[in-house]
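**Q** Start from the sequences and build out the full structure, keeping to the hints where you can.
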Amino acid sequence: MVSKKGKIWWIAVLLVLCLVPLILPRFYVYLLSVILLFGLFAMSNNLPLGFGGIYQLHHAVFYGVGAYGTALVITKSDLSPWLAFLIGPLIAAALGLIMGLICIRLSKLYFGMLQISLGSLVWAFVYRWYSFTGGDDGIHGITVPDIISSYQGAYYFALIITGLSLYVLYRVLKSPYGIALQGIRDNPVRSAMIGVNVRRHQLLALIIAAFFAGTAGTLFVVVDNTVFPDMIFWTLSLEAVIMCLLGGWLTFLGPMLGAAMIVVIRTFVSTYTVYWALVLGIIFMLVIFFLPNGVLGWVEDLYKRRKNVADMKE
Amino acid sequence: MLEVKSLMKSFDGFKAVDNADLDVRKGEIVAVIGPNGAGKTTLFNLITGILKPDSGRVLFKGEDITGLPPHKICRKRISRSFQVVNVFNRLTVFENTQISILSRERHTWNLVTPSSKLAVDETNELLRRVGLYEKRNRVSGALSHGDRKVLEIAMALAGNPEFLILDEPTAGMSPEETTRCIDLIQGLRERYGLTILFCEHDMEIVFRVANRIMVMVRGATIIQGTCQEVRCNAGVQDAYLGGSDVCLM
Numbered sequence: 001m002v003s004k005k006g007k008i009w010w011i012a013v014l015l016v017l018c019l020v021p022l023i024l025p026r027f028y029v030y031l032l033s034v035i036l037l038f039g040l041f042a043m044s045n046n047l048p049l050g051f052g053g054i055y056q057l058h059h060a061v062f063y064g065v066g067a068y069g070t071a072l073v074i075t076k077s078d079l080s081p082w083l084a085f086l087i088g089p090l091i092a093a094a095l096g097l098i099m100g101l102i103c104i105r106l107s108k109l110y111f112g113m114l115q116i117s118l119g120s121l122v123w124a125f126v127y128r129w130y131s132f133t134g135g136d137d138g139i140h141g142i143t144v145p146d147i148i149s150s151y152q153g154a155y156y157f158a159l160i161i162t163g164l165s166l167y168v169l170y171r172v173l174k175s176p177y178g179i180a181l182q183g184i185r186d187n188p189v190r191s192a193m194i195g196v197n198v199r200r201h202q203l204l205a206l207i208i209a210a211f212f213a214g215t216a217g218t219l220f221v222v223v224d225n226t227v228f229p230d231m232i233f234w235t236l237s238l239e240a241v242i243m244c245l246l247g248g249w250l251t252f253l254g255p256m257l258g259a260a261m262i263v264v265i266r267t268f269v270s271t272y273t274v275y276w277a278l279v280l281g282i283i284f285m286l287v288i289f290f291l292p293n294g295v296l297g298w299v300e301d302l303y304k305r306r307k308n309v310a311d312m313k314e
Numbered sequence: 001m002l003e004v005k006s007l008m009k010s011f012d013g014f015k016a017v018d019n020a021d022l023d024v025r026k027g028e029i030v031a032v033i034g035p036n037g038a039g040k041t042t043l044f045n046l047i048t049g050i051l052k053p054d055s056g057r058v059l060f061k062g063e064d065i066t067g068l069p070p071h072k073i074c075r076k077r078i079s080r081s082f083q084v085v086n087v088f089n090r091l092t093v094f095e096n097t098q099i100s101i102l103s104r105e106r107h108t109w110n111l112v113t114p115s116s117k118l119a120v121d122e123t124n125e126l127l128r129r130v131g132l133y134e135k136r137n138r139v140s141g142a143l144s145h146g147d148r149k150v151l152e153i154a155m156a157l158a159g160n161p162e163f164l165i166l167d168e169p170t171a172g173m174s175p176e177e178t179t180r181c182i183d184l185i186q187g188l189r190e191r192y193g194l195t196i197l198f199c200e201h202d203m204e205i206v207f208r209v210a211n212r213i214m215v216m217v218r219g220a221t222i223i224q225g226t227c228q229e230v231r232c233n234a235g236v237q238d239a240y241l242g243g244s245d246v247c248l249m
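Line by line, the protein sequences give chains A and U. No gaps in the numbering here: position 140 of the first sequence is 140 in our numbering, and each next residue is one more. No gaps in the numbering here: position 150 of the second sequence is 150 in our numbering, and each next residue is one more.
Don't take each hint at face value.
[Claimed, not checked] In silico SDA-like pairs for lysine to any residue, Cα to Cα no more than 20 Å straight-line:
id, chain 1, residue 1, chain 2, residue 2
1, A, Lys174, U, Asn124
2, U, Lys135, A, Arg306
3, A, Lys307, U, Asn137
4, U, Lys135, U, Lys72
5, A, Lys108, U, Asn86
6, A, Lys307, U, Leu143
7, U, Lys76, U, Arg57
8, U, Lys72, A, Ser117
9, U, Lys135, A, Ala310
10, U, Lys72, A, Ala310
11, U, Lys72, A, Val189
12, A, Lys174, U, Phe94
[What the hints assert, rightly or not] Just a sample of chain A residues kept apart from chain U, beta carbon distances all over 12 Å, derived:
id, residue
13, Tyr130
14, Leu236
15, Phe290
No wet-lab data here; the hints were simulated from the structure. Please read these numbers as outputs of a predicted model, since none were measured by experiment. Don't be surprised by glycine CBs; every beta carbon is placed ideally from N, CA and C.
**A** Structure representation (structure tokens):
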């Protein structure tokens, strides 16, 4: 599994991430929180997309519905906010199950098309239902528990929850289920022929992915204290897919790296020009052209090649 | 053990399998031969549930398995390998074999246990048996064609089948690889009592390995019988072996 050297690296990274809020100013801490939660969002998208071979093209629905679920429970009910943080993702997972049941009958691109249509329907509901969801205004000033209401508190909460979620996703991918899922990605016919019920395994991947997308949405509520309909809009889903491809959709942490790249580009380039998407587009094209496996995929390939050369020498 | 009765399947009006009959007894090796496009692979796809037949019946150990989905047929302990290599290209040789074993043991719903702790010995044992142990950590997409065909068979065996279907097991193999593969197939029946159904273009292999032969032409069964019967059948020689020379092969 993880080598000793790898473990030391991980502990070092974690330490740095823990110390960050004590050193950096508020703006950068906020930015890091956003990177973490977008990273979790993209990585949950990558479970069906990169490891399951399912065209999960409208993942933002689960992210947005998770966020709205949490926000509505906090603002409209007397339940504890801590409970709301769990209810949001669960609502997202339930929606994942319902939409999955409908879409999974189709395969490949047809799956993605139907998912985009159904997702847009959810968006229209949220956008139009003023009395309940606040329509295009969204919901603002959502109060979260005191301990995580400061920007540092929100950051630590995002760090802990993202870390836990990544651990769970990693374990899932290394479990027999995870390998079966990757087998389905490579070859669904063969998977069925070794006795795997392809559709049901894919459906579970969709539910897990929806749950963690909802978790990421909930983290956004904690970090930003708002929700708005753009969080459900399909352009955000496109961004998530780009994060996966940019970072490396066949690697575990690739989408996290992709999320960091996009958030950084958007934040810093947009101070110079409103056409920040143009810069992103050019970078994206270059990456797809020269590093078809994404940035982290490229690094992994390099590492493997060096290791192979070393093995040959032995 | 396996009985196929007047099976039919057409694609857009083209009758790919048109009245195929087949009967395989326990412990036999049966070969299906026929010209390209005779419907051999379609027949195998119908038996294993990848395609649903238009009419006709497939019986396995007396039980009707016509039109069941592939994963259910697999659980009846029928395994197959494919003509065109059909493995999990991005997974390693080890993972390919391991997941086939884990699937048989119904472990694919396990989300908790690291798979590096499950069925390791059995996987290694199987890989040693087929001669892929040294290459177990290679990504299967990077293997040679011959090795991937052997991996195909290893994955089929991982299902611990009673009945094994091999679709052109030696297609595209070098002569040495072919010999190794034939030894493997014969060993399977002798040592593990497997019943095997295969199709093959190389007549030498067919006559050497098979107990009985079924001949298919344009989707229909012409004859099923021993090697001798098939060699001397006029219809077969006409349609498949090119006519005239009696009992030459």
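**Q** Confirm or reject each hint.
**A** Each hint, compared with the structure:
Under the criterion of a C-alpha separation no larger than 20 Å, the hint pairing Lys174/A with Asn124/U is consistent with the structure, at around 19 Å. Pair hint Lys135/U plus Arg306/A holds up; C-alpha atoms about 19 Å apart against a cutoff of 20 Å. Among the hinted pairs, Lys307/A with Asn137/U is consistent with the structure: their alpha-carbon atoms are about 13 Å apart, no more than 20 Å. Taking the CA atoms of Lys135/U and Lys72/U, the gap is about 31 Å. The hint is violated against a cut of 20 Å.
A C-alpha spacing of about 19 Å is found between Lys108/A and Asn86/U, which places the hinted pair at or below 20 Å, so the restraint holds. For the suggested pair Lys307/A and Leu143/U, the alpha carbons sit about 18 Å apart, so the restraint of at most 20 Å is met. In summary, the hint linking Lys76/U to Arg57/U is supported, as the alpha carbons are separated by about 16 Å, within the 20 Å threshold. Only pairs whose Cα atoms come within 20 Å are accepted, and Lys72/U paired with Ser117/A is rejected, the gap being roughly 33 Å.
Pair hint Lys135/U plus Ala310/A holds up; C-alpha atoms about 17 Å apart against a cutoff of 20 Å. With a C-alpha separation of about 45 Å, the suggested pairing of Lys72/U with Ala310/A is violated against the 20 Å cut-off. About 13 Å separates the Cα atoms of Lys72/U and Val189/A, which keeps this hinted pair within 20 Å; it holds. Proximity of Lys174/A to Phe94/U is assessed by CA-CA distance (about 14 Å); at most 20 Å being required, the pair is judged to hold.
Every beta carbon of chain U lies more than 12 Å from that of Tyr130/A, the smallest distance being close to 41 Å; the non-interface claim holds. No Cβ of chain U approaches the Cβ of Leu236/A within 12 Å, the least distance being about 28 Å, so the stated non-interface status holds. No beta-carbon of chain U is positioned within 12 Å of the beta-carbon of Phe290/A; the least distance is around 21 Å.
Violated hints, in rising order: 4, 8, 10; the structure is consistent with all others.
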